[in-house]
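Asker: Okay, here's what each chain looks like letter by letter:
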Amino acid sequence: MGNRSGIAVSWSRHGGADCIRLAGLAEVTGPAGLAGPSGAGSDAQVRIHPATAVALGTAPPTAGRLLRDGPDLCFLPRFPFLDGTVYVVTVDGAAVAELTRAGSDEPATTGVLAIHPSAATVPRNLLRAYIWFSAPMSEGYAAGHVRLVDDASDTDASDTDHGDVLAGALLATEQELWDTGRRRLTVLLDPARIKRGLASHREAGYPLRSGTPFRLVVDDGLRDARGQRLRAGADRRYQVAGDERRHVDPHAWTLRVPPAGSTEPLRVGFDRPLDHGLIARCLRVVGPEGRPVDGVADVGAEERSWQLAPRHGWAPGPHRLVVDPVLEDLAGNSVGRVFDRDLARPTDDPRDAGPVTLPFRPT
Amino acid sequence: MTEYGLRVGRAELGSAGPITFGPAGILFLADNAAATVFAVDVADPGSRPAGSDPFDLADVDARVGSLLGADASDVAIRDLAVHPDSGNIYLSVQRGHGESAQAVLVRIDRADASISDVPLTDVPVASVAIADAPAPDDERVDVTLPLGDEGEEITVGAKTIRVLRRPIRTSTVTDMAYVDGSLLVAGLSNEEFSSKLRRIPFPFTDAAGAAGNSLEIYHVSHDKWETAAPIRTFVPYDGGRAILASYTCTPVVHFPLAELAPGTRTVGRTVAELGAMNQPLDMVSIVQGGEEYLLVANTSHGLIKIAGRDIDAQAPLTDHARGLGVPRETADLQGITKLANLDDEHVLALQTDPDGRRHLRSLKAASL
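Protein sequences, first through last, are from chains V and E. Everything in the first sequence is counted per the numbering used here, starting at 1 for the first residue and increasing by one. Everything in the second sequence is counted per the numbering used here, starting at 364 for the first residue and increasing by one.
Chain V extracted, bound-state conformation:
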């Protein structure tokens, strides 16, 4: 443990907090460099460093307070000790102990709940995917554990290590795109490779190839908020079609209108799969006199449809489905604009930035 006889160092508790306890220091005297215990009557220099910083020689000691506890001294860190970290305790410059903060040995319980898009076929210019987890996750691991792999010669879809990684297909972002609860991760395909005319697109081409299937793979190395690996990896396989470069056009949708008085859902069929995250946010129904219709909304299979079952029976009279123009398809084309507008094509021109309304009347 140490080269200074008589000093025992251990993990302990003090005043409800974790500490490092030093026993047998009674005759050594008072810490400098740390806020020393008042009246401790000692001036020994007690310092804590993470073991990985010791080699630097001049790294600052770990911030904290040294408190007298009976005959012992307790070091209480300003920032809680981190699991898996090794701490070196020195007294007057001599290492007396090395303590390892044990990691958790709880079993892995967190898994992947869903991967979106849920469509079997995506356009070549697919922009975005979402991954839902069963529990809050840690940030900082996605780049190493979420990837797209070529699935052209797939033999065993359950083998997440199978297939060549499509290098540079996903956009590396400095900060990962989580929801506030850290259960949904958004990943973007590199837009510079999708947008026509840019150097990345010209030289490296699309991240995906039409007709060549691929898989989105989440391996079990991703960590949940407790620091545990996933229970298992997960993946979803996609076929790749051609490009999708049209505006999202609500006027091309089909509406199945429920009878007045019933609580049957309004069913809306899209002309193509739409963005999982945005559908849930961008559609609402307004009834007579402009009152929003309260009810339970559901997104259908492959994000190709949406329905709203009202809490109360449908009122007779005019209703409107209101579509936020932000709503995008899988390739990032929205109601208001296409993802990359060809200035020579009038059909690509931006459209009115206001909401689109589709009127209907329960009968």
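Among these hints, one or two may not hold up.
[What the hints assert, rightly or not] Partial selection, computed: residues in chain E whose CB lies under 10 Å from chain V:
1. N395
2. A398
3. V486
4. Y581
5. R628
6. L637
7. N641
[To be verified] Computed beta-carbon distance windows for the label pairs:
8. G24(V) / G719(E): 37 to 43 Å
9. K727(E) / T100(V): 41 to 47 Å
10. P386(E) / A301(V): 52 to 58 Å
11. P386(E) / E264(V): 58 to 64 Å
12. P292(V) / G409(E): 53 to 59 Å
13. T121(V) / E654(E): 49 to 55 Å
Simulated from the structure, these hints should not be mistaken for lab results. All values reported here derive from a predicted model rather than from experimental measurement. C-beta: ideal position from N, C-alpha, C; glycine also.
We have chain V; now place chain E onto it with these hints.
Answerer: What follows is chain E alone, placed relative to chain V:
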């Protein structure tokens, strides 16, 4: 600090994001977990050291980690800012992961390289929410059963449980800069693909629209394709009259600030591309021999340097044959992820070496 609307309180940082200095030594800190920007009086103790010596600090991540009781692998330096008067260096640091993650503001004394954590409790502070405007309509929340006493109690039948509701849509601040009474904030949505630049008046106000105008900026490539994309990093240019922005899709775009009126459609001028499979990371503007230059840290090349006169003379990038736009000089400076102006003569860079160790390094502007 009362003239800037700061009141003694606590900047409760949920996550470490971009930082930048504003007037009177006030530091802006973006908290992406809470969708909030804090303005904090950091009570900088220093005064600018005589002369302008370079500042270098090897293994800055391990040193900061040592102070915070963490291995370098548990320390993420999210941003870097230099106090405009003292030259002291501030780092926005995320320590640990998941439940044990903490956001910490760290100061490095330029004179003696000592490292300390900056208190964010009982300090003059103001804040502004940066949730996107449509958020009040967005009723989607992620409902979980918390382990602690977070959230709210709801009663279902005879049973009372505690649930935690948190919004699903978030906007991540990618970069910030302060120009003439406005904090400019660029962000990246976890849902829609858009290029929003928010202009927030400072001092922050309680008035409607306090979160500022949100401006959608388009850019044109090769006279053929027009797109909007999230801004990844940007820098005030030409004395704050213009902005140079770089995108997730890499072009460098110039747009005059005066043209950024709310509700109008702004199209910037693409002045450069950074090359294939390359991502911009950070930008600063420097003055060399009386001329302004742009330095761009990026994932594929060393620092890219672009002369202001080339940017000003550059017609919109229209022709494939002209390739990457304005002339650039690529210095052999790999692994630079963050840049800040240290003084008139130096740029401070956060550099990752091939072993993954991170160092602070001064680059002499005259020799870049």
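Asker: Go through the hint on L637(E) and say holds or violated, using the shortest Cβ distance to chain V against 10 Å.
Answerer: Hint on L637(E): holds, closest Cβ of chain V at ~8 Å, below 10 Å.
Asker: Was the hint right that R628(E) lines chain V, CB cutoff 10 Å?
Answerer: 8 Å, holds
Asker: Does the closest beta carbon of chain V sit nearer than 10 Å to the beta carbon of V486(E)?
Answerer: Given a least distance of 16 Å, the restraint on V486(E) is violated.
Asker: Take the C-beta atom of G24(V) and the C-beta atom of G719(E), compute their distance, and say whether it sits inside 37 to 43 Å.
Answerer: Distance hint for G24(V), G719(E) holds at roughly 39 Å.
Asker: For the hint on N395(E), does the least C-beta distance to chain V fall short of 10 Å?
Answerer: 6 Å, holds
Asker: Does the hinted range 58 to 64 Å hold for P386(E) and E264(V) at CB?
Answerer: 60 Å, holds
Asker: If you take the shortest Cβ to Cβ gap from A398(E) to chain V, is it below 10 Å?
Answerer: For A398(E), the interface hint holds, since the closest Cβ of chain V sits about 8 Å away, which is under 10 Å.
Asker: Kindly confirm whether 53 to 59 Å is satisfied by the beta carbon distance between P292(V) and G409(E).
Answerer: Hint holds: Cβ distance 56 Å, inside 53 to 59 Å.
Asker: Between P386(E) and A301(V), does the C-beta distance stay in 52 to 58 Å?
Answerer: Cβ of P386(E) to Cβ of A301(V): about 55 Å, so the range 52 to 58 Å holds.
Asker: Quick check on a hinted range of 49 to 55 Å for T121(V) and E654(E), using CB atoms only.
Answerer: 53 Å, holds
Asker: Given the range 41 to 47 Å, decide if the beta-carbon distance of K727(E) to T100(V) lies inside it.
Answerer: Hint holds: Cβ distance 44 Å, inside 41 to 47 Å.
Asker: If you take the shortest Cβ to Cβ gap from Y581(E) to chain V, is it below 10 Å?
Answerer: Status holds, d = 8 Å.
When held up to the earlier numbered hints, the structure conflicts with hint 3 and nothing else.
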